[in-house]
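K.L.:
Listed here are the chains, written in short residue letters.
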Amino acid sequence: MKIIDLLTVFFGKLMVKTLHLLKRDGGNAPGLVLWTLNKKCLRAFKVDCPIIAVTGTNGKTSVTNYINNIFSQGDKHIITNHQGNNLDTGICSLLLNNCTMTGKVHADYLVLEVDESHVPVVFSQLKLETLVVLNFFRDQLDRNGEVETLILKVKKFVETFDGNLILNGDDPNTYRLGLANPNNKNVRYFSVEKYKYATDKLYEAGEGHFCPDCGTALEYDYYQYSHIGSFHCPKCGFGKKTPYVQFKNVDLSEPSFCVDGEKYYTVNNSIYNMYNLAAVYSAAKVYNIDKDIVRECILNFKVNNGRMEEFRYNNSVLTLNLAKNPVGANMTIRMLNENENPKELLFVLNDNLADGHDVSWIWDINFTIFNNVTRVVTSGTRAYDIAVRIKSSGYDPEKIVVKPDLDQAVESLFSTDGRKYAIANYTAVQPTRAALKKFIETKAGDKQ
Amino acid sequence: MKTIKILHMYSNILDLYGDSGNMEVLKYRSKMRNIDCEIEYHSLGTENTDFSKYDLIYLGGGADFEQQLLGDDLQKCKNDIISAYKNGTFLLLICGGYQLMGQYYLDSNKENIPGLGLFDYHTVASSDKGKRCIGNIVVEAELNGKKTKVIGFENHGGQTMNITKPFGKVLFGNGNSFNDSTEGYFEENVIATYLHGPLLSKNPDVADYIIEYCANRNQQDKITLAPLNDELENKCREVMFDRLLK
Numbered sequence: 001m002k003i004i005d006l007l008t009v010f011f012g013k014l015m016v017k018t019l020h021l022l023k024r025d026g027g028n029a030p031g032l033v034l035w036t037l038n039k040k041c042l043r044a045f046k047v048d049c050p051i052i053a054v055t056g057t058n059g060k061t062s063v064t065n066y067i068n069n070i071f072s073q074g075d076k077h078i079i080t081n082h083q084g085n086n087l088d089t090g091i092c093s094l095l096l097n098n099c100t101m102t103g104k105v106h107a108d109y110l111v112l113e114v115d116e117s118h119v120p121v122v123f124s125q126l127k128l129e130t131l132v133v134l135n136f137f138r139d140q141l142d143r144n145g146e147v148e149t150l151i152l153k154v155k156k157f158v159e160t161f162d163g164n165l166i167l168n169g170d171d172p173n174t175y176r177l178g179l180a181n182p183n184n185k186n187v188r189y190f191s192v193e194k195y196k197y198a199t200d201k202l203y204e205a206g207e208g209h210f211c212p213d214c215g216t217a218l219e220y221d222y223y224q225y226s227h228i229g230s231f232h233c234p235k236c237g238f239g240k241k242t243p244y245v246q247f248k249n250v251d252l253s254e255p256s257f258c259v260d261g262e263k264y265y266t267v268n269n270s271i272y273n274m275y276n277l278a279a280v281y282s283a284a285k286v287y288n289i290d291k292d293i294v295r296e297c298i299l300n301f302k303v304n305n306g307r308m309e310e311f312r313y314n315n316s317v318l319t320l321n322l323a324k325n326p327v328g329a330n331m332t333i334r335m336l337n338e339n340e341n342p343k344e345l346l347f348v349l350n351d352n353l354a355d356g357h358d359v360s361w362i363w364d365i366n367f368t369i370f371n372n373v374t375r376v377v378t379s380g381t382r383a384y385d386i387a388v389r390i391k392s393s394g395y396d397p398e399k400i401v402v403k404p405d406l407d408q409a410v411e412s413l414f415s416t417d418g419r420k421y422a423i424a425n426y427t428a429v430q431p432t433r434a435a436l437k438k439f440i441e442t443k444a445g446d447k448q
Numbered sequence: 449m450k451t452i453k454i455l456h457m458y459s460n461i462l463d464l465y466g467d468s469g470n471m472e473v474l475k476y477r478s479k480m481r482n483i484d485c486e487i488e489y490h491s492l493g494t495e496n497t498d499f500s501k502y503d504l505i506y507l508g509g510g511a512d513f514e515q516q517l518l519g520d521d522l523q524k525c526k527n528d529i530i531s532a533y534k535n536g537t538f539l540l541l542i543c544g545g546y547q548l549m550g551q552y553y554l555d556s557n558k559e560n561i562p563g564l565g566l567f568d569y570h571t572v573a574s575s576d577k578g579k580r581c582i583g584n585i586v587v588e589a590e591l592n593g594k595k596t597k598v599i600g601f602e603n604h605g606g607q608t609m610n611i612t613k614p615f616g617k618v619l620f621g622n623g624n625s626f627n628d629s630t631e632g633y634f635e636e637n638v639i640a641t642y643l644h645g646p647l648l649s650k651n652p653d654v655a656d657y658i659i660e661y662c663a664n665r666n667q668q669d670k671i672t673l674a675p676l677n678d679e680l681e682n683k684c685r686e687v688m689f690d691r692l693l694k
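If you're matching them up, the sequences are chains W and U in order.
For the record, in the first sequence the residue sitting at position 341 is 341 according to the numbering used here, with numbers rising by one throughout.
For the record, in the second sequence the residue sitting at position 228 is 676 according to the numbering used here, with numbers rising by one throughout.
If you're looking for bench data, these hints aren't it; they were derived computationally from the structure.
Using N, Cα and C, we set each Cβ at its ideal position, and we do this for glycine too.
Just so you know, nobody snuck in bad clues.
Partial selection, computed: residues in chain U whose CB lies under 8 angstroms from chain W:
1. Gly466
2. Leu517
3. Val687
Sequences and hints are given; from them, build the entire structure.
P.N.:
Rendered as structure tokens:
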């Protein structure tokens with residue numbers, strides 16, 4: 001190791017220790033400082049265990065949490081970025097907090113959620129063993145740029161990567177990564193068989209309409225959701241695969257699925273969760289994790305943290321789901337439609353820096369399919385934008401209540417009984433959780 | 449019932465930034481006035497499109513890669529689009545659609561994409577892909593002699609130059625190029641602009657201008673559109689004007 005690297009880690013570690021002595025949680029700050037000083041500082045860490053990374057537009061946090069849950073069984077020590085600090089500086093902070101003064105990181109597994117655009121820079125410095133890529137969707141275009149640019153960045157990295165590459169075989173954007181390095185014998189695809197609500201036509205805005213190899217329009221046998229489905233190029237054969245893991249007999253009402261000849265039950269009842277679970281199952285299979293552990297986790301584990309999180313008040317059940325982009329929101333709309341009973345929706349839309357200032361993505365959400373939604377409450381810094389969006393889809397404006405203030409929005413939502421759903425975008429999800437909890441606790445207190 | 453015939457070109461390719469929402473808004477606001485919107489599509493592989501039968505031709509924005517894909521097909525439609533425009537068909541052109549109707553577009557890879565040459569302007573993108581005009585934008589346009597503020601979101605690397613008749617004066621944001629004073633291109637039957645949002649979602653005046661133009665095209669008896677309840681739209685505009693213009 002170069003002396004400069006040793007000094008880098010030593011300095012960073014001093015920073016962390018000082019913060020600890022001051023009883024401060026530095027958060028991302030130590031990593032940020034270190035990264036600013038030395039853009040190659042990650043190579044200074046000596047990690048003595050397999051590194052597993054999860055990337056993709058949607059589902060990173062959930063899949064990382066699942067993998068942690070499964071891989072930590074049997075007293076295994078896992079180091080992971082729980083809080084979703086998934087940029088280079090966040091990962092640097094994580095390692096600083098968990099290393100010795102000389103930069104040794106000791107664990108059974110290092111499981112990292114990594115932002116798509118940071119995969120190349122992080123893993124040019126840390127030896128990656130397994131990379132899981134979930135999907136590529138349009139996401140905060142004003143911040144991230146076009147989807148194609150992002151895919152090319154990751155593709156460039158996997159061209160020289162020969163570790164385990166676990167890819168969603170039903171997304172043309174991730175499928176193509178498997179062809180990037182013909183010498184890599186460790187490419188594995190996961191796939192989910194056609195489910196009940198799959199469609200013949202594209203239902204929601206999608207990416208990757210064209211074959212990345214020859215430019216011909218891709219043909220689909222069916223779409224599961226967005227551009228995820230069974231595709232092939234009629235000209236060059238792009239899309240052929242033998243899945244390493246294939247979920248069959250997906251039944252969202254139980255909810256359950258079959259894989260490798262066995263039936264699994266889960267608490268997750270949406271198609272995109274099935275894909276997340278297929279990614280998790282694939283990672284567990286690569287590492288020969290005991291099937292009972294996998295079964296138990298798939299049956300009981302919940303991520304919460306604003307991802308399909310349930311809240312209860314009086315006789316109402318509310319499901320809150322994060323949606324950073326159209327695909328995420330469309331999934332929640334699908335889910336609430338699959339419930340035939342009357343229900344109300346809260347939509348919280350912010351346009352802070354981390355959300356992207358551009359809110360035009362809400363126009364890629366398909367609201368025309370609303371099924372028995374009796375009222376909509378909108379909130380957030382762009383509460384009126386989402387109200388106009390829903391109105392223009394043909395929904396009765398009389399049934400839309402706009403409350404930019406979150407506490408007022410929650411109060412309005414719970415002024416009626418019945419089933420509720422809430423969608424919140426990135427910076428809105430934690431404030432929404434807080435407002436829901438505060439309202440429920442205050443009301444419970446009032447009654448005593 | 450009156451019918452407006454719309455041709456939405458390359459809806460499956462030029463569909464970034466929610467631009468298809470413009471069609472939804474037109475449909476909604478027409479329907480509220482008892483006017484029917486008949487939307488048909490032209491894309492790669494569509495044969496025998498009769499461009500002369502439409503009141504409105506619409507093109508949205510797309511990524512560079514996708515803009516290249518449709519180049520050949522668009523050139524094939526060139527003469528038909530020009531004669532439709534000369535016949536008074538309304539052209540609503542957003543971002544990529546705006547650029548493609550000019551003389552040429554020199555993209556960030558220095559690739560020259562020829563335009564249809566309907567208008568004199570041309571567009572050049574910086575070779576530095578990071579240099580883009582991105583952000584909220586407010587311009588002041590004049591429609592039927594009435595000044596109106598138009599709000600949207602711009603996100604373009606291309607800098608459009610040699611504009612003779614801009615769509616509006618920039619009150620906040622960049623416009624046709626970095627820190628420009630003007631935005632877009634305008635004729636009685638042409639609105640070409642960088643404004644996403646989508647454009648018509650927060651600008652009922654612009655939407656109604658287009659609907660009225662299309663509904664009255666080739667008609668003896670001209671109609672005036674009845675006002676709608678735009679309370680939500682107006683509040684939405686107010687919030688953003690307060691934030692950006694004060």
